[in-house]
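Protein chains in written order, with my numbering: chain A, 1 to 382; chain B, 1 to 260; chain C, 1 to 304.
Some clues are possibly wrong.
To be verified - Covered by chain A, according to a simulated footprint, are these stretches of chain C (three or more residues, beta-carbon under 8 Å):
id, region
1, 85-97
2, 101-110
3, 115-124
4, 222-235
5, 276-287
In case anyone wonders, no lab produced these hints; they're calculated from the structure. Where a beta carbon is used, it is the ideal one built from N, C-alpha and C, also for glycine.
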Amino acid sequence: MTAYRPALRVLSALALGAVIGILIYGLLAAESEKAVGLVLLAVALTVAAGLRTGVLPRLARAAGSGPLLGSVALAGVVLIAVFHDDPFVLLLVARALLVLVACLGLHVQFADAGVPNFAGAAFFGVGGYTAAVLGAGEIPHLLVLLASGAMAAAVGSLLLLPLLRTRGHYAALITIAFGLLFRTFLEVNEGLGGPQGLKLPGLRILGFAFNDDRQLLGLEVSGFAFYCLAAGVLALGAVWLVRRVERSWLGVSLDAVRLDETAAACFGISLGRWKIAALTLGNAIVGVAGGLSAMMVGFIAPNNFTFQESLVLVSILLLGGLGNLAGLAAAALIVVWVPEKLQPIQEFRYLLFSVLVVLVLVLRPGGLVRRRARQAFGSAAA
Amino acid sequence: MTGTAPLLSTRELTRHFGGVVALAGLDLEVRRGELLGLIGPNGSGKTTFFNVLTGIFPPTEGDILFAGASIARSTPQAVYRAGITRTFQRSRLCLELSIFDNLAIGAHGRLEHGFVFNVFRRKALGRQADEIAAAGADLLEVFDPPLARRLHEPMAGVAMIDRRRVEICRALMSRPRLLLLDEPSAGMTADETTRLMDDLLEVRRRFGELTIVLIEHAMSVIQRVTDRCVVLNYGRKLCEGTFAEVSSDPEVRRAYLGLR
Amino acid sequence: MDLLAQYVMNGVMLGLMYALVALGFTLFFGVLDVVQFAHGDVLTAGAFAGLAAYAVAFHAGVHSAVPQLLAVVLAATLSMAVLGAVLGRTLVLPLKSAPPLNVLLATLMGGTVLRECIRLFYPGGSQPQRFPALLPSASWSLGRFTLRLDNVLMILAGVALVAGLSLLLRRTRLGLQIRAVAQDEETARSMGIDFRLVVLVTFAIGSGLAAFAGVMHGLYYNEVNFSSGLLLGVIGFSAAVLGGLGSLGGAVLGGFLFAGLQTLGAVALPFASAYKDVFAFAVVILLMTWRPTGLIGEQLGERV
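For reference, chain A alone in the conformation it holds in the complex (with noise of 0.2 Å):
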């Protein structure tokens, strides 16, 4: 493998990031249903192309995984900087990421270590609700954060024993029981807050509201604008450890319990110590951006996590090719942004995804950009 030029790793990585940044100002600045309908084939046709010439590849091969990320959060700060003051765009931004994190927790899961979660929704309101019930109070709110990871966890720990004890069907069944309910045992449980949900206070770190608008350099900046950079560092956080799992023997030992049980067991990599390893990281995942995205929103309610919104997750995942990172993020922002720029299509998204996801299966199981070789961690590596 060749050694790239460190100025070449920059500037690969700036156009790419570029790239990136452009395609998603135009999905975001696009005003009328005709200038998005636009935009997404400007994207479509861009993607397609600079896959099939193998130009996005190569360009992201040489930029490297570091570089890449560097400018992707460069070009994210661009925008966040362009739509300063406009708070309907910059909800939309911070959403996006939030729902990226929590895809990258049911990635680990299902991904990595093969085992679906659809319970994802109920997940995240987990990390939410410990947000709404511990953010009242006197703890500083990164530690309601973490706890907000830490609590998604433990709950999810309640299925552990029976998701390792099953395969399959009957393990789907084991979250699907859990995604449908949850909702229910929300709505009757008035300790908290019923069918009415919970308020909660916005975010504050050392004194700083994240909610306030402010004046910074003469600009008008709206709050949502801090709760994106603080979701941008979520984000960033998360696919970083993300890779670094992935691209080390955590990953290999993963893949070999999803890929071959009997094998795996036979070379002494425990099964039900990796599965547990998956789930409760990837839940834990789920429940911070649950935390942060309850704070940010200001208020949480049952009816926001159905096993619909479960569904809408895994169907992320699959989207963007079960595997794939990049597909992922983009099928995240896609699912999160398209719904709410063409308003005709909000009534109808559960029925666009899911129809999306069956043509996906059924003509293309590999979804739709394939998934990629792990790269080398050792010398070998670019």
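Knowing the structure of chain A, use the given hints to seat chains B and C on it.
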């Protein structure tokens, strides 16, 4: 060879699957350092023996002693830790992963699996990865030098005969004490088989105390490479000895050829 | 005592409904080793098809209950039989050689498509719809417990269906073919059985049963809701799992067992009837932890 306890011994090993008796009171011994051939007609219990031995199925009755300790009801993970590895009759490699990944799975016991090590101590992780890559390449070199240079290629693009080689190397990565090979030369031509067996003997030379149990159907292979054979029939030992002794045994001939 | 009788009646009704759904799941698993997760939504679609048939019949001037009921039941079961076969043909058979998880996902999403189509395209579909009371409203008083004729009729009909299915499978040629395919696809094919046809017919039968359960549900509760199929489907699947996937007797047993658990939950936790579902599923999950493939399921072969 006399006076030293056998490395592996089974006593009355029995395994039922519903109404089917796959193993019916099997008593056999594997001596340290030997290459033992395990032969018998189809359905005589050879693969089932491997499956019970490696903990995939518990025995219905009987015991298995490995280096003095009973492993009859051990999990597959415990059997691996005790130093027994295997290949499978139908090749079980992870085709989605690279050759390196598959070999690393074989070396699972040698790897550092802590969260902190893998996520934060990347330099040390890289060094360990290089170590495993070197060990893997060394093994592959014995079987096919070009294969050793394709370490990071996906398994799916590798030819069947090379996949079998990788599978054997995967089983060797943990430096096992006992290696179980289940029809490694199935589907190969005579030349390919000869070469595989030569390479296997070479590995045995390099690895010193490596005991091998080999399930094979090609009698020429058994004759050439094994020190001793055990013949199974209907889940129990029919006969044992050198190939010459076993192949001239009237009971064996009856079982295989149906002669009266 | 009367309360007990009420609970028992309720439990029997629910148990029968669940059994009808579970039978579908177990049939599909028997012939194809797949779980068709849209099955619950097929139930709902059947109920709505019946409702639509009622509306059409009513407007066409049919005002007496018997032909209305006939129209409803026929419309529901026949349309769902067709839909079931279509689902089998488009979602399940094409994914036969894909990893089993893909069928699960595809049918889960397919169920969502069905559910959303009802919600979006049936007039007023997003609100619960009144289901007409088409059965005679006579009842007998036994002490303080009221035995309703419509319940009795539904129970009899349900039992007749289950018995009919059993007869079909054990006494007819089609039933023999279905059982052959369930036993061993290869052998069945080599015996000249048209595998795909048998699979599609099985899907049709199972879906028809679900549609009947949907009509029962509508008649019993006097309403239908686009989302009721989701829970009913998961309950039906749990029931089939409890009894062992592939076992017809097990499916019926599982259906009644789940209804029994719900009743137990309702009795034990009277302050929140919604908790009865949580209770029932919690028990199911516990049972599955103890016996991963059901109470009468096959033992998992590999212990790894």
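So, going through the hints one by one against the coordinates:
no., hint, verdict
1, 85-97, "holds (count 4)"
2, 101-110, "holds (count 8)"
3, 115-124, "holds (count 3)"
4, 222-235, "holds (count 3)"
5, 276-287, "holds (count 6)"
In this structure, every one of the numbered hints holds.
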